[in-house]
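K.L.:
Sequence:
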Amino acid sequence: MENNKENKEATLRQVKMHYCPGCGHTIAHRIVADVIDELGIREKTIGSAPVGCAVLLYDYFNCDIIECPHGRIPAVATGIKRTNPDKIIFVYGGDGDLLSIGMAETIHAANRGENFTVIFINNAIYGMTGGQMAPTTLIGQKTITTQDGRDADTTGMPIRICEMLATLGKPAYIERVAVNDAQNIARAKSAIKKAFKNQIEGKGFSFVEVLSMCPTNWKLSIKDACRFVNNEMAGYFPLGKFRDID
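Using the working numbering, the letters of the sequence shown map in sequence onto residues 239 to 484.
Keep in mind the hints are simulated off the structure, nothing from the lab. Treat the hints with care, as some may be off.
To be verified - Listed next, the in silico DSBU-like pairs over lysine-lysine satisfying Cα-Cα at most 30 Å (straight line):
1. Lys325 - Lys435
2. Lys427 - Lys254
3. Lys457 - Lys427
4. Lys431 - Lys479
5. Lys254 - Lys282
6. Lys441 - Lys479
Modelling step: build the complete structure from the supplied sequences, incorporating the hints.
P.N.:
Here is the structure:
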């Protein structure tokens, strides 16, 4: 009975997830949920779910979750936080939602220094819609819309959002992490926990980019997908802090 009670009260629900084997979303979900539990903020937390692979966020989190129009999560989160300043608001979205259709919303929320926490999942591809090129797709990376590999001359360069946001004056905390091995997972948890603590302390906009695996759309084994994060993604998207007001 005690174990059932603990599971019921934990932020991460004990249910089967819909994600593909090896997907980094499962790890990111667990980290976010564990941080919420450790900080004791579940009853006052509101998550903002995207349109994308994490669209069913509300099935997995035992806290209030609002479903947002595609790309509008930071705008929705702004409204919720400003009308409910005592609540803890987290934005959770991918590169299509926060960095393509939602690029303006992400940048302007950061530029205003909105006091909420953003968890940005970068898997370098559009996962839910079948593997099209994303704003973060690497040069030379093959997708169903770049079958010869992404070409910088026709599609531009992959967007480094942490570096971009770090040029703004208002963000409190910006860090890029990964979830492809145990050491990186530990660092990711530390970063996400700090991003939530910053909000609790009223420090302002905190943004954590998470380099994540997508074995299905990358057409790689799980092991090779984890290596791809280290060997390819982290080379272009270096891990580390880009802003920390502390």
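K.L.:
Output the indices of the hints that this structure fails to meet, ascending.
P.N.:
none
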